[in-house]
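Chemist: Protein chains in written order, with my numbering: chain A, 1 to 193; chain B, 1 to 475.
Some clues are possibly wrong.
What the hints assert, rightly or not - Below 27 angstroms or equal to it, Euclidean Cα-Cα: the simulated DSSO-like pairs (lysine-lysine) are:
hint, chain 1, residue 1, chain 2, residue 2
1, A, Lys42, B, Lys83
2, B, Lys83, A, Lys38
3, B, Lys365, B, Lys291
4, A, Lys126, B, Lys170
5, B, Lys250, B, Lys365
6, A, Lys57, A, Lys42
7, B, Lys457, B, Lys177
8, B, Lys469, B, Lys457
9, A, Lys57, A, Lys38
10, A, Lys38, B, Lys244
11, B, Lys257, B, Lys244
12, A, Lys38, B, Lys52
13, B, Lys168, B, Lys9
14, B, Lys365, B, Lys9
15, B, Lys250, B, Lys368
Claimed, not checked - Pair by pair, the computed Cβ-Cβ distance ranges are:
hint, chain 1, residue 1, chain 2, residue 2, range
16, B, Leu106, A, Leu146, 42 to 52 angstroms
17, B, Arg167, A, Thr156, 21 to 31 angstroms
18, B, Glu97, A, Val172, 24 to 34 angstroms
19, A, Asn180, B, Glu97, 51 to 61 angstroms
20, B, Glu388, A, Asp170, 24 to 34 angstroms
21, A, Arg55, B, Val474, 42 to 52 angstroms
22, A, Asp66, B, Asn328, 53 to 63 angstroms
23, A, Gly64, B, Asp286, 21 to 31 angstroms
24, A, Asp170, B, Lys177, 49 to 59 angstroms
25, A, Gly64, B, Ala312, 32 to 42 angstroms
26, A, Asp142, B, Asp286, 23 to 33 angstroms
27, A, Ser134, B, Glu247, 52 to 62 angstroms
28, A, Val172, B, Glu19, 15 to 25 angstroms
In short, the hints are calculated from the structure, not lab data. Where is the CB? At the ideal position from N, CA and C, for every residue including glycine.
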Amino acid sequence: MSLDKFSALTSRTMVLPQENIDTDQIIPARFLTTTSRKGLGKVVFYDWRYDEDGRPKNSSVFNGVDPQTHRILVAGSNFGCGSSREHAPWALVDFGFRAVISSDIADIFKSNALKNGLLPVTVDEKTHAKLLASPGAEVTIDLETLSVTLSDGSGTTFEVEAFARRCLLDGVDPLGHLLNQLPAIEAYERAHA
Amino acid sequence: MRPQSLFDKLWRRHVVVEETPEAPAVLYIDLHLVHEVTSPQAFSALDERGLKVRRPDLTFATLDHSTPTLQADASGRPPYATKDAEAQVRTLIRNCEKHGVQLLNLGDPRRGIVHVIGPELGLTQPGKTIVCGDSHTSTHGAFGALAFGIGTTEVGHALATQCVLQRKPKSMRVIFKGLPPDGVGAKDMALAMIAEIGADGGQGYAVEFAGEAVSALSMEGRMTLCNMSIEAGARFGMTAPDEKTFEWVKGRDFAPKDDDWERALAEWRRLPTDDGASFDREVTIDATNLKPMITYGVSPDAAAPVDSRAPAPETDSEREAAAYMRFNPGQPFSEIAVNRVFIGSCTNSRLSDLREAAEVMRGHKIAKGVTALVVPGSEAVKRAAEAENLHRIFIEAGAEWREPGCSMCIAMNGDKGAPGELVVSTSNRNFVGRQGQGVRTVLASPATAAASAIEGKITDPRPYLSAAKEARHVA
């Protein structure tokens, strides 16, 4: 099994400036009864996009955003907090996002995103503020050089856990790495039996 | 050797392959708990690769999230919220049969919420590493275990290899100094802690809770505290095991027996943090000044004493939260009307929580127009509560007494509030829409939730608790 490779991405941004956007917002729990990881893009941020009768909300920033051209989500701090549901990155990726930029991204979400070809990018407050203030800006994210560049040439660098980065660059599933450690796992089990 | 923390010891004992700059550590998992919502895609990933569950003997499944809390109809069919919910339950049953994983199925007298049944059955023990596809797995850290929530891909990793890839997090110690006043419990301590360090303050950290107030907590109280670690952003929360822990574990179904028990005990006594161990961050909270706490916003760190007033929002996010909650700046919380009360969840559905709520509700009726749902955490909790007639107190007060499950904490089994309703809830998350679209959630302890049900407003439980104490003395 392999993952989609990720090396560099240039795209427009969609901005959700709210702080503490939890995974219940990204995908409400009532959509978690699925047994598949596919097709969740249609319910991503469902209650932000649709009213209680299922009609699109005029006020939603998702209106008029083409997922094919807006593949970078810029969000307020502590993005992805709360529930560990991996349905959140599944839904974001299925909608069309390939990267999330914030000043602060929650641990479990970050770990889940990296396993699904969605790049979590944590940037400094100044870059974050600039990105929040410029919805639709064209941004380039380069995973090789670990850099984020805005169209005016300004930018910054970011960090990604080295192993997850290698897996994304090579399109490799981390389970293979774990399966290769089976002799060590067996030895551990014998020593601790 | 350098003094070590509880966390250092737990980590070291489970490293199969040390971490390097290129790769995280391979960490061995002693207990993998599984439920119906975050496991189907993990089992599918195994099937796609032709892999088996490596250690079904260390894997344990239960049904709780999508599971109805209403009784089965005459035909014996539980009233599932949707066909998908039923299909999800059936999928777990099928996956467990196929892979030889033990399942606490519907009708099993041991079934319950995953973070209630682990400790109850003695599966949760000091010194273990425990994972589950659920962010509240830190609950089990109350026993001095290294317990943390994982995503579904990692559930697959744990099923296939009994290991996960993890870099060692930084360490934090939160010390509660002194003892809290009467009427202040573990939930209040948890909310005060989250308010203090913030919803992202624990990000990247494994947190040990320590100090006099934590030692004084019951095991159930320690579980409540560790449960809420993730609401401060910390994936790992734990407390040192002590005699209270060992007494609690002893004799449970899966607890070590005879010689094994003595050996385990000797191991477990070595786990607590050594004097002089260092932490990347230390936070001290004065427990003597704590009050019963509630939340007033849409993030768990928006918490304040129940006898205070709604603060004025300062940021855009806070203004949005205040508009959603419809709390006016300066408004006393005691004036805010309540529509619904939920007592349950992996945070507060154990016998001691139900006793606390019953103590407040005894002899009272819930306010007109308020509905209250009491959902025990497990079949065992339900039986124990009924043996003490707690259910009668709830039913006589006008509350509903349900079957065990996650229920209104995650609102995916059909139990939920209506748009606009204000719910005082003993659960762990006050996120927008968490308990139903448009529902406004106020997090609180079982005592505060019960008192709020009686008065139909957000209510300080302390007068009720002291009256109950008085009545006990007279009797």
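Chemist: Does B/Lys250 pair with B/Lys365 here, judged by a C-alpha cut-off of 27 angstroms?
Modeler: violated, 39 angstroms
Chemist: Straight-line Cα separation of A/Lys42 and B/Lys83 no greater than 27 angstroms?
Modeler: holds, 19 angstroms
Chemist: Is 52 to 62 angstroms right for how far apart the beta carbons of A/Ser134 and B/Glu247 are?
Modeler: holds, 60 angstroms
Chemist: If you draw a straight line from the CA of B/Lys168 to the CA of B/Lys9, is it 27 angstroms or shorter?
Modeler: Status holds; Cα separation ~12 angstroms.
Chemist: Go ahead and decide if the range 15 to 25 angstroms is satisfied by the Cβ distance of A/Val172 to B/Glu19.
Modeler: holds, 18 angstroms
Chemist: Can the suggested window of 24 to 34 angstroms be confirmed for the beta-carbon pair B/Glu388 and A/Asp170?
Modeler: violated, 59 angstroms
Chemist: Could you see if the CB distance from A/Asn180 to B/Glu97 stays within 51 to 61 angstroms?
Modeler: With a Cβ separation near 30 angstroms, A/Asn180 and B/Glu97 fall outside 51 to 61 angstroms, so the hint is violated.
Chemist: At the C-beta level, are B/Leu106 and A/Leu146 separated by a distance inside 42 to 52 angstroms?
Modeler: Cβ of B/Leu106 to Cβ of A/Leu146: about 49 angstroms, so the range 42 to 52 angstroms holds.
Chemist: Against the 27 angstroms threshold, does the CA-CA distance of A/Lys57 and A/Lys42 hold or violate the hint?
Modeler: The hint holds at about 14 angstroms.
Chemist: State, for the Cβ atoms of A/Asp66 and B/Asn328, whether the hinted interval 53 to 63 angstroms holds or is violated.
Modeler: Violated - the Cβ-Cβ distance for A/Asp66 and B/Asn328, about 40 angstroms, lies outside 53 to 63 angstroms.
Chemist: Is the hinted pair B/Lys365 and B/Lys9 satisfied, with a Cα-Cα distance of at most 27 angstroms?
Modeler: Distance of about 50 angstroms is beyond 27 angstroms: violated.
Chemist: CA of B/Lys457 to CA of B/Lys177, is that 27 angstroms or under?
Modeler: Since the Cα atoms of B/Lys457 and B/Lys177 sit roughly 32 angstroms apart, the hinted pair is violated (cutoff 27 angstroms).
Hint compliance for this structure: hints 5, 7, 10, 14, 15, 19, 20, 21, 22, 23, 26 are not met, and every other hint is.
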